[in-house]
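K.L.:
Residue-level listing of the chains:
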Amino acid sequence: MRRPATPALFLALVAAALVAALLGVALGAAPIAPGELLRALVGRGSGTAAGILWSLRLPRVVLGFVVGGVLAVAGAALQALVRNPLADPYLLGLSGGAGLGAVVALALGVVSAWALPAAAFAGALAAVVVVYRLGVVAGGALDSRILLLAGVVVGAFAGALLSGLLAVSEAVQVKTATLWLMGGLGGVGWIGVAALAAYATPALAVLVAEARALNLLSLGEEPAQHLGADVARTKRRVYVAASLLAAASVASAGMVGFVGLVVPHAVRLVKGHDHRVLLPAAFLLGGTFLVLADTLARTAFAPLELPVGVVTAVVGVPVFALLLRRWTSR
Amino acid sequence: MDLAVISAQGGPRAGGAKDGSGAGSDASGAVFELSGAVVRYGALAPAVDAVSLCVRRGECVAVVGPNGAGKTTLLRALLGLVPCAAGRALALGRDAHQWPRDALARAVGVVAQREEPAFPVTVREAVEMGRYPHLGPWRAMGAADREAVDRAMRRADVTDLGGRWVATLSGGEWQRVRIARALAQEPQALVLDEPTASLDLKHEMELFELVADLVRRDRLAALVVSHHINVAARFADRLVLLAAGRVVADDVPARVLEPARLAEVFGWPVAVQHLPDGTPQLYPERRTPPREPHP
Amino acid sequence: MARSPALLLLALAACSPRPPAGGVSITDDWGRTVALGAPARRVVSLSPSSTEILFAIGAGPRVVGRTRWDDYPPAARAVADVGDGLAPNVEAVAALRPDLVVLYASASNRAAVRGLAALRIPVAVLKLDLAADVGRAAYRLGVLTGTVAGADSVMAGFADSLRALAARVARRPGPRPRVYVDVQASPPITVGTGSYLSELLAAAGAANAFGDVGLPSAPVSLETIARRDPDAVLVLAADTLHPPDPAVRPGWRAVRAVREGRVLAVDGGLYGRPGPRMPLAAADLARRLARLGAGAGAAR
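Protein chains in written order, with the working numbering: chain A, 1 to 330; chain B, 1 to 295; chain C, 1 to 300.
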């Protein structure tokens, strides 16, 4: 199996990203002619078109890129950390914690605009901390298998509390919570997007810095140590950075599944496991995938808007099945 | 002879490295040193009990002994992977536990007992990982690094395997690739834990010949843990016989392989023969007589 | 010296938010000031209740967009449908070029408020959960669309009808019928006090079998329903020609009212929304309950 050269791969990914961005900006529930779109882009369009473009579609596309990219990178790193190809950013109890935080905020009727994302973020962080404490064995090292188990357990517990809350909530609240949980990229303005990007950058930098260590980690913890990796430190850093990224993305966009799980595998199939290439490539592919999924979610049944998490799952499952078949038939 | 604790400290070979202050080997070339090291796992009896040991550049030391004697724990102590409850473990004159992992990886190449290639890599990619300790997280491979990899692959005779997937290699080839990786680290010492456990005759001999050659020509220090006493006796400069965490003997193979002592350590009657070149080889006695051949 | 307070007052007056001359302004239920330069001519109404109110007060011709659930009055069906009222598609709404968007007060509409504000489209967020909200919403919608007179007359009629009904049901002999409101079949969900349907029951002279529940809605067990033995079961149906029948649900025959066929299937659109038709719904309910009480047998 020939692998594409790295520069060619990145060129292709960047091109795909640009195409996705173009589609995301050009398509939507309100039909805007291409000519009008171009005029709006250069600042001379009509009020409605320019407003829709700059205030609605562009921030949404940028947010989609950042969230999709961040989820893919966090997923790839976590899969290397727990040496399990089924790991995804939400597996470590995050999704349960975030959902619970958001639904509690809804149930309390908190009205401030930032309450919901802040509550989701707080819930996610609480889950991360609990899972971390559970995953630490004697001597302060993170045990990957215990981490996985702890994540599943904490997520299940939070999920149970969430279901209980929803069972006694108003129908409208339930619908609101459900819609939020299923993921959506609307409603985050430029400020939110900028905040997320600024927050995500250091965490992404940490993960990229640990890329070589992650390569070594996939050989096993002892061989990695013999080759110079500070395994305990790497595990800690990767876990914290990936969790923070996932928590922030859940707070901004609800639960968008499958991106963190499937995109890293897609890149690995094409280009292998060197994390120095895998992480940036996953970022680009994840962003592209999410923007395309969101565009589909917005336009497939316009004016009804599907939750983007539904589209990523519906598209992601067949893709994953395909990958699985190629994988096991090697 | 009973199981008296024989400390190598008292012998003429273990001079010099008492202060162990600086990093790097000292004048006598001691790369690894244990003095009175005790390692415990939890509250159980010590896995390594007051062991003193010294390995220098240009010498090959084989650690042998029955299962559970503490051989692997001894390696871990020397590499700073487990702390010593008492005594000292020094690597290149410095407390093994204090070494930062990447610095130690620049000095010591380790080939552990088992390694499952977790994902598909080519042989060349695998050997290149040996350069990571020199590259750090950011630096890309330069010409010097690539040369080091080429040299290592030549030395371990895996150059023509370069493009093969690691999963398609035979056991012997995979072992040589891992040695190439260790050599790519440009170490001063090699540590091998049961390197020939699953290798056939040809590959086992090849591996030991390679190690002996590396020790002799490149002046590496080699510490080999092995079950295969006979092969080790033919290639090692010294044998360290370990039993129940203690050093029973630490000397040239001819003096270590004594039938009475071996029988007691291994719990099985053994006899010792000599090869034409004088190397002693042990063979275990049978309890039941061999069957008569059919007429 | 005497001029300073006057100047101060003038200055203060100049600073306070004021609509321009000819403009209208209200404060919506999220505390936001909605100020328009002129009464709205293109309104997108994103809840069934507000759509009904707009048409009732005479602002129907100004409505250019509605949700897919807004089906009353029939004239509303001719208006463009922009999808859901909860977490609506902002782009689709914007494409109609409205000068006012009316949203239902729910947390899921926060994003839409932000999105529309970014497009500088005025948004009024109205709470429409209880009977009292109808009048307040009608008045404010009247202000925003320049149909205050219509709003006043509708609400006057609203109040008169309810008063008359209250007097009628007060004259009825016997205890108030106890009604179980079937919101969802499985698991059974009913309404408690603090819900619009509970108020509707009260206006019709009935009592809620689960009036002790403080929440607007709550899941209950079939056993409890059977034990409370309501006089009638009220089922809200989307399709009144083929309404759901509790008698065929497993276990529901334990409830006496179901066994005896005292099940009222009513139009969910008429009964379920706080709106100008509340007096109609209440009167209808009172009539049906009276018929039920007048003789044995179902009154469908």
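Quick caveat, the hints were computed from the structure, so don't treat them as lab data.
In this text, a Cβ means the ideal position worked out from N, Cα and C, and glycines have one as well.
Incorrect hints may have been included.
Unchecked claim - So the derived list for chain B, only partly shown, Cβ under 8 Å to chain A, looks like this:
#1 115
#2 130
#3 206
#4 268
K.L.:
Could you run down the list of hints and mark each one as holding or not?
P.N.:
Status of the hints after comparison with the structure:
1. Because the beta carbon of residue 115(B) sits about 5 Å from the nearest beta carbon in chain A, less than 8 Å, this interface hint is met.
2. Using the Cβ-Cβ criterion of 8 Å, the hint placing residue 130(B) at the interface with chain A is satisfied: the shortest such distance is roughly 7 Å.
3. A least Cβ separation of about 22 Å between residue 206(B) and chain A goes past the 8 Å threshold, and the interface hint is therefore violated.
4. With a cut of 8 Å, the hint placing residue 268(B) at the interface with chain A is violated, because the nearest CB-to-CB distance is about 31 Å.
Of the numbered hints given earlier, the model fails hints 3 and 4; all others are met.
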